[in-house]
Amino acid sequence: MLEKQMTAHRVDRSICAWFWDYVLSQGGDSSKILPVIASPTHYLFQIFREGITFLACAQVEMPPLMGIEFLCRVADVLTDYLGGLNEDLIKDNFVIVYELLDEMMDNGFPLTTEPSILREMIAPPNIVSKMLSVVTGKSSNVSNTLPDATSSFIPWRKSDMKNASNEVYVNLVEEMDAVVNREGVLVKCEIYGEIQVNSNLPGLPDLTLSFANPTILNDVRFHPCVRFRPWESDQILSFVPPDGQFKLMSYRVKKLKSIPIYVKPQLTSDAGNCRINVLVGIRNDPGKTIDSITVQFQLPLCVASADLSSNHGTVDILADKTCNWSIGRIPKDKSPSLSGNLVLEAGLDRLHVFPVFNVGFKIMGVALSSLQIDKLDIKNTPSRPYKGFRALTQAGEYEVRS
Amino acid sequence: MAPPLPSQRSPSPSQPSGRSEVSDLKLQLRQLAGSRAPGADDSKRDLFKRVISYMTVGIDVSSAFSEMVMCSATSDIVLKKMCYLYVGNYARCNPDLSLLTINFLQKDCRDEDPMIRGLALRSLCSLRVPNLVEYLVAPLAAGLKDGSPYVRTVAAMGVLKLYHISAATCFDSDFPATLKSLMLSDPDAQVVANCLHALQEIWNLESNNSEEASRERETLLGKPVIYYLLNRIREFNEWAQCLVLEVVSKYIPSDSSEIFDIMNLLEDRLQHANGAVVLATIKVFLHLTMSMTDVHQQVYERLKAPLLTLVGSGSSEQSYAVLSHLHLLVMRAPMLFSSDYKHFYCQFSEPSYVKKLKLEMLTAIANESNTYEIVTELCEYAGNVDVPIARESIRAVGKIALQQYDVNAIVDRLLQFLEMEKDYVLVKDLLRKYPQWSHDCIAVVGNISSKNVQEPKAKAALIWMLGEYSQDMLDAPYILESIVENWDDEHAPEPSYMFTDKEHRGPFEFSEELGNLSMGAESADNAMPAQRYEENDLLLSTSEKEESGGPTNNGSAVSAYSAPSDYDGSLISVNSQTQPETAISIPGSSAYTSPATLAIDDLLGLGVPSAPAPPTLKLNPKAVLDPATFQRKWGQLAISLSQECSMSPQGITALTAPQALIRHMQGHSIQCIASGGQSPNFKFFFFAQRLDGSSAFFLVECIINSSSGKAQIKVKADDGSASEAFFTMFQSALSKFGVA
Chain E
242 MLEKQMTAHR VDRSICAWFW DYVLSQGGDS SKILPVIASP THYLFQIFRE GITFLACAQV
302 EMPPLMGIEF LCRVADVLTD YLGGLNEDLI KDNFVIVYEL LDEMMDNGFP LTTEPSILRE
362 MIAPPNIVSK MLSVVTGKSS NVSNTLPDAT SSFIPWRKSD MKNASNEVYV NLVEEMDAVV
422 NREGVLVKCE IYGEIQVNSN LPGLPDLTLS FANPTILNDV RFHPCVRFRP WESDQILSFV
482 PPDGQFKLMS YRVKKLKSIP IYVKPQLTSD AGNCRINVLV GIRNDPGKTI DSITVQFQLP
542 LCVASADLSS NHGTVDILAD KTCNWSIGRI PKDKSPSLSG NLVLEAGLDR LHVFPVFNVG
602 FKIMGVALSS LQIDKLDIKN TPSRPYKGFR ALTQAGEYEV RS
Chain C
244 MAPPLPSQRS PSPSQPSGRS EVSDLKLQLR QLAGSRAPGA DDSKRDLFKR VISYMTVGID
304 VSSAFSEMVM CSATSDIVLK KMCYLYVGNY ARCNPDLSLL TINFLQKDCR DEDPMIRGLA
364 LRSLCSLRVP NLVEYLVAPL AAGLKDGSPY VRTVAAMGVL KLYHISAATC FDSDFPATLK
424 SLMLSDPDAQ VVANCLHALQ EIWNLESNNS EEASRERETL LGKPVIYYLL NRIREFNEWA
484 QCLVLEVVSK YIPSDSSEIF DIMNLLEDRL QHANGAVVLA TIKVFLHLTM SMTDVHQQVY
544 ERLKAPLLTL VGSGSSEQSY AVLSHLHLLV MRAPMLFSSD YKHFYCQFSE PSYVKKLKLE
604 MLTAIANESN TYEIVTELCE YAGNVDVPIA RESIRAVGKI ALQQYDVNAI VDRLLQFLEM
664 EKDYVLVKDL LRKYPQWSHD CIAVVGNISS KNVQEPKAKA ALIWMLGEYS QDMLDAPYIL
724 ESIVENWDDE HAPEPSYMFT DKEHRGPFEF SEELGNLSMG AESADNAMPA QRYEENDLLL
784 STSEKEESGG PTNNGSAVSA YSAPSDYDGS LISVNSQTQP ETAISIPGSS AYTSPATLAI
844 DDLLGLGVPS APAPPTLKLN PKAVLDPATF QRKWGQLAIS LSQECSMSPQ GITALTAPQA
904 LIRHMQGHSI QCIASGGQSP NFKFFFFAQR LDGSSAFFLV ECIINSSSGK AQIKVKADDG
964 SASEAFFTMF QSALSKFGVA
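Protein sequence lines, in the order shown, are assigned to chains E and C. Take the first sequence: its letters are residues 242 to 643, numbered as in the numbering used here. Take the second sequence: its letters are residues 244 to 983, numbered as in the numbering used here.
Excised from the complex, chain E in its bound form:
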């Protein structure tokens, strides 16, 4: 447990005991606990990431999203700094964690959460700095100079970048959320997309990104660096990028009609047995290879034992009755199928609970929303920078019900 007191009012540690008691009373699974809880003394905000619970206490009522967003940001920054998130990592680096918390919040009010700026104040504990400390015997992980950005008008960028490699990459990363119902009808199909930019440009570059078909976008959200007016009038993204990797924009494309692969589950049960048969195949060929196809489902609790086999790929049944069928690529000559028999618990005749099949896949080189980047203009740079574009679509919440 790591504790950081932010305000003059000290929160006693016993609140954690109260919290754990509460968690236990709710079934003991932290990930299923409400994010906002009113304890007798405090309002508690909690988020759960990779086995770590982040808990914040507030004495007065406050906007809940502020608490939750901040905790999420803390989790993100820690993951970024420590290269992952688990108990050991935090234990090994608690000094850094304290330093980070110190800069991220003062007296209960969030200060700096922008990772690029934090990184200038507190060096991440990477291998390079460890090497340096061994070689030079000096291992300060705090830079001696204050970042200029804290005082600049563009808080996400330090005012002068010297050793930049003069290149910028734009990644379209899309996730397809789809729901196919029991009758095989596509109930919902949406794409959630992000434009991730990795910028290494000198000076104060001014970028303009335009799309060939911006009208398909719904629900856009921007990084603070994006200027709002050009988007409003011409659907053009105009911005001065922060240095390094950042999420320029997120969007949603709704009401799509086609899905790349189909999954057809069939369950027939009688007399205490249930025949299961799942077929997977390509429905609409996206033009590129569909990779890393997986089908995952949870066997109902009333299933006593299961015997599953497939003609392609591997099937694993985990201890918590999760079934993993990793297919990989769909072979040309046959369509993969999984079949088997589920034995129900004694006394049950038929299956009344039906599993939901979660499908995973990855398609490189295609944005399934058909969003296209028209061009990227870069102004204000001393020399012509290198520009790179990539696209990737993967399954988000892609579920098929049975």
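Hint data in this document are derived by calculation from the structure and do not stem from the laboratory. All residues carry an ideal CB built from backbone N, CA and C; glycine is no exception. If a hint is listed, it holds; no wrong ones were tucked in.
Facing chain E, according to a computed beta carbon distance under 7 Å, are these residues of chain C, among others:
1. D511
2. A548
3. E560
4. Y563
5. A564
Every beta carbon over 12 Å from chain C, so not counted as near; a handful from chain E, in silico:
6. S406
7. V411
8. L445
9. R524
10. D526
11. D532
12. A560
13. K603
14. S611
15. T622
16. Y627
17. Q635
Calculated pairs, DSBU-like style, for lysine-lysine (alpha carbon to alpha carbon, straight line, at most 35 Å):
18. C:K957 <-> C:K861
19. E:K496 <-> C:K547
20. C:K585 <-> E:K429
21. C:K585 <-> E:K505
22. C:K547 <-> E:K498
23. E:K562 <-> C:K642
24. C:K599 <-> C:K526
25. E:K488 <-> C:K547
Could you slot chain C onto chain E? The hints should help.
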């Protein structure tokens, strides 16, 4: 991480538990304190790390305070930070010792590195030791005028900390005024934000005490300040924007053009990547338009898209918070969201608290245009692995059915659930609202085996349905009876409510069962909760009402039957003396036969009593009696005869279904009015009518156990004197069953 069990919380062997480790650390620190040797900083850092790790796991290392302070004279910034952390944690319990730290912190506040200045000032203000306040003022004043914005940010917050330690010192030094001028002039947005935060908190807390403070608070919310902040809003970082928006939401604009100006200015904030900013903006919008009803509706429309976007992106915790807000909006204006129902479809992987909210919203926004889709979707969840959610979704379907007029399809689906043994409560509610569906439902309800119903509420609902529609369900009494027989297992209050409820509706032959029930409950256990007692009282009082309503003492008869063991020995001994009397009393009018003697008859196994043969009896082969009259008569009449007799083996084999016996008895002018049960227990209610002038009825309850081959027969008669003769006829008819 699973919550640690209490046993795991105790120190593990790897952690120091005693004082020895701490004193060991103290010793090492002391040795290093004055050392200027190369590498001393590294060993110090190791030691500091250990001290702080002990502090983190909750071990008290405050005893090393002076050693830590001695070691803190260093140029290494990491060491300094760790030392600040330590000092900040323990200064309050060591006020005397913390005086030592003041010196080096003050020195650091004059360091040339702004970072060290800032950190030192922050730590200095975080000491929170009241008697050191005097040392705070000078560094704070210097900090507020510092050239580095970082130090000014820290100093602004420091003023707030000072205020919490000693409000008087804070005002004496005129810090609030300095903050205000800094807020309105500083070029750095973060400094402005921190000043705003500090001022807001100070004036809010002070405003109860002084006129001036509340005036100051007013100016903070006044037009000049608000406009100043709004104009700079883009310079602030996301959290500061939240703060500014929070302040703006308290501002009351003078006219509508001002409102629109503000909303136009803030509109792009709705697309911010940070959900907190978006929600703060939404709050401003809603507050601003509170008084303008038509615009308020438009604002809802405008807010819809960003909110729905927020739901879809981010973690489940974030979407829960957003959904909770959406929930409010949906409840206020469900029509607005009726076309966006797909946003509230549940994904399998979502935590159940999110699913629950979504279900509620789906229920709320269902209308004529989308009911079909929503119900179809909800029905898909009914087979969900997550049982509470499955239940919840069926309930949602039911709620929608209760709202809508077009319930046709919905009822069909619900009945499917019934067959899946999911939810009975709902169907009951539905039936209460739409009695016209009863016929469809009853067919299904009849097939429910009461043994499979475990949940108390479901049981209650089932009982209600059986009771309410018993006239349409021939089986109802028998199903109910079996529920009563298993009553002992039941400890929830709800079913008994239903029993009493049903009882008032129209007793069939339940008073007897009810009597059993209350007896059983009374003797069950003494440690029953108070509520249960109330239930029993309720039950008892209703059965007593029945008794007083009827002319005979039906209730007491029941009690005599259900407690034979108590009477056993004593009665038999009594009986040997009273036998002559008994023999006389039996041929007499059985309407006056006391229940006790009947019990004795049973106990002694008298069989057919040796009494004068009654006059021959002719029965009406076409007797007619409607169920209501039967019920009434059954309730009114006392048992005139109760016997157990054996069935012929052929009769037992012929008795595969109740219908066979019913037809057979009809051949003997004995009609059946109700029958039920399954092998091996069958139960019949027969009646017959005398053919002679009196046209009196005989009513018979006949319970046949086909495995033991016994039939228990109870006869009630309008004319009790003829019941013996009738019984003989009945018995002979029964014995011929299957023989012919």
